[in-house]
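Trainee: Take these sequences, add in the hints, and give me the full structure.
The residues making up each chain are set out below.
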Amino acid sequence: MTIPSVAAGAYANVARLADPSAGLGKAAGEAANGSSFGAMLKDALNSVTESGHKSDAQTRSMAAGKADMVDVVTAVSETEVAVETMVAVRNKVIEAYQSIMSMPI
Amino acid sequence: MDLMKSIVIAASGLRAQAGRMQVISENIANADSTPSQAGGDPYRRKIATFQSEMDSALGARVVKLGAVKTDSSDFQIKNEPGHPAADANGNVKYPNVNGLIEMTDLRDAQRSYSANLNVINATRAMIQRTLDILKS
Chain Y
0 MTIPSVAAGA YANVARLADP SAGLGKAAGE AANGSSFGAM LKDALNSVTE
50 SGHKSDAQTR SMAAGKADMV DVVTAVSETE VAVETMVAVR NKVIEAYQSI
100 MSMPI
Chain G
0 MDLMKSIVIA ASGLRAQAGR MQVISENIAN ADSTPSQAGG DPYRRKIATF
50 QSEMDSALGA RVVKLGAVKT DSSDFQIKNE PGHPAADANG NVKYPNVNGL
100 IEMTDLRDAQ RSYSANLNVI NATRAMIQRT LDILKS
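Protein sequences, first through last, are from chains Y and G.
One point on numbering: in numbering that gives the first Met the number 0, the residue at position 97 of the first sequence is 96, and numbering is uninterrupted.
One point on numbering: in numbering that gives the first Met the number 0, the residue at position 107 of the second sequence is 106, and numbering is uninterrupted.
These aren't lab readings, by the way, just hints derived from the structure by calculation.
All residues carry an ideal CB built from backbone N, CA and C; glycine is no exception.
Computed from the model, here is a short list of chain Y residues facing chain G with C-beta under 8 Å: (1) Asp67; (2) Val69; (3) Thr73; (4) Ser76; (5) Val80; (6) Glu83; (7) Thr84; (8) Ala87; (9) Val88; (10) Lys91.
Mentor: Okay, structure coming up:
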């Protein structure tokens, strides 16, 4: 199951972003170096892309008459949820960034 | 995520019911399959079995289609002396398939499939509603 880990990873990263005292790179133990939003986004995006590839492969093998339709439907809906979570988190963070940028100094 | 798990579990139910549907359609299609040689045995009705299986990657019990068993009940015997598969007494063995039973099984498979689809739909709705909080 890649998707639950993708979503959980994204949530955990966001949680760590909110709490700067916990280092993102150290706690995650992954390729993400430094607690930058860009690195987190890139990491999450990579996992989403990976699940996208999986559902792509399923769809292609169904078109070739090899895969089960149930497998395709579950793979596609998993990817859908992962992408939507990803986009929602990104929108939220960008919204926060913009409200900081528009703060009068 | 637990909600994603329930989708995968329900999908296992879909797969199992689809397999059962295959067995039922085999029975219905072969309801009139007579023996290939005189006095031989015709098609024997098949029964799909289900078994609960532990999916360690998922951490939950999913349903799998078990071994497809055969129905050991007696064949229907019809007296058709002119039939190529008739034995010395003119009797022909017909499969032990009862159309009424197969139709009931078919409906059952259909309902179970719909029930699992409803689980998937409800779970998806729950995920979407949760995501809506993040979107607003």
